[in-house]
Amino acid sequence: DAGITQSPRHKVTETGTPVTLRCHQTENHRYMYWYRQDPGHGLRLIHYSYGVKDTDKGEVSDGYSVSRSKTEDFLLTLESATSSQTSVYFCAISESPSSYNEQFFGPGTRLTVL
Amino acid sequence: AQSVTQLDSQVPVFEEAPVELRCNYSSSVSVYLFWYVQYPNQGLQLLLKYLSGSTLVKGINGFEAEFNKSQTSFHLRKPSVHISDTAEYFCAVSEKAAGNKLTFGGGTRVLVKP
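In order, the protein sequence lines correspond to chains A and B.
Here my numbering is used: position 76 in the first sequence is 76, and no number is missing along the way.
Here my numbering is used: position 111 in the second sequence is 225, and no number is missing along the way.
Every clue listed holds true.
Below, in silico cross-link-like pairs of lysine-lysine (DSS-like), each with a Cα-Cα straight-line distance of 27 angstroms or less:
hint, chain 1, residue 1, chain 2, residue 2
1, A, Lys57, B, Lys215
2, B, Lys172, B, Lys183
3, B, Lys227, B, Lys172
4, A, Lys53, B, Lys210
5, A, Lys53, B, Lys215
6, B, Lys215, A, Lys70
What follows is a set of in silico ranges between Cβ atoms, one per label pair, in the way DEER data are often shown:
hint, chain 1, residue 1, chain 2, residue 2, range
7, B, Glu134, A, Pro39, 21 to 31 angstroms
8, B, Asn175, A, Ser98, 18 to 28 angstroms
9, A, Ser98, B, Asn155, 28 to 38 angstroms
10, A, Asp56, B, Asn155, 21 to 31 angstroms
11, A, Val52, B, Phe128, 42 to 52 angstroms
Treat the hints as calculated values from the structure; they're not laboratory data.
From a predicted model like this one, the values you see are computed outputs, not experimental measurements.
Don't be surprised by glycine CBs; every beta carbon is placed ideally from N, CA and C.
My request is simple: use the sequences and hints to build the entire structure.
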């Protein structure tokens with residue numbers, strides 16, 4: 001299995017509070033992604049990174065920010081959590097930006113915003 | 115922009131019976147096609163992918179998929195399922211010229227009954 005960990009694995013928070021989720025990889029892959037998974041929607045891309053300090057927006061980036069100060073860590077921040085951000089969040093990594101490359105997924109973080 | 119439709123949200127099937135999961139996509143440009151599987155409480159892992167060449171693609175765990183360009187479909191099949199195939203299955207596409215960003219379908223939950 002690809003060495004990807006996510007922390008925390010579960011979190012319950014209140015509306016309006018900031019939340020940071022961490023993705024850590026030991027594969028030295030340059031490309032990292034954050035997705036959210038919601039019933040009936042599959043996974044949707046929030047943000048992605050193509051290197052240290054290089055990030056870009058995905059399909060559903062509103063209300064989220066990311067940072068990548070080291071190759072191995074990709075942080076997702078909910079600036080002011082809302083109930084609509086209750087979801088399961090997955091981090092993924094890939095070795096190459098080529099669109100035919102496999103992405104490897106972490107175990108996920110289940111976030112509940114009350 | 116591309117989109118992916120998985121026509122069945124749930125598929126119950128008896129052990130040792132065949133299963134087919136349907137996937138249709140829409141895109142104005144050429145795409146690569148993927149099937150990922152998510153076992154309970156885990157991240158996603160790649161089952162198979164279609165890049166080019168033969169339209170019948172074989173993957174892990176006895177799964178195969180057939181690409182049909184005229185029908186813009188990429189249906190997944192297994193001739194005989196096991197209890198351990200109980201999982202959620204996601205069809206995904208990536209645009210060939212747009213980098214490694216996946217667009218997922220809504221998922222199909224397969225429940226294998228003894």
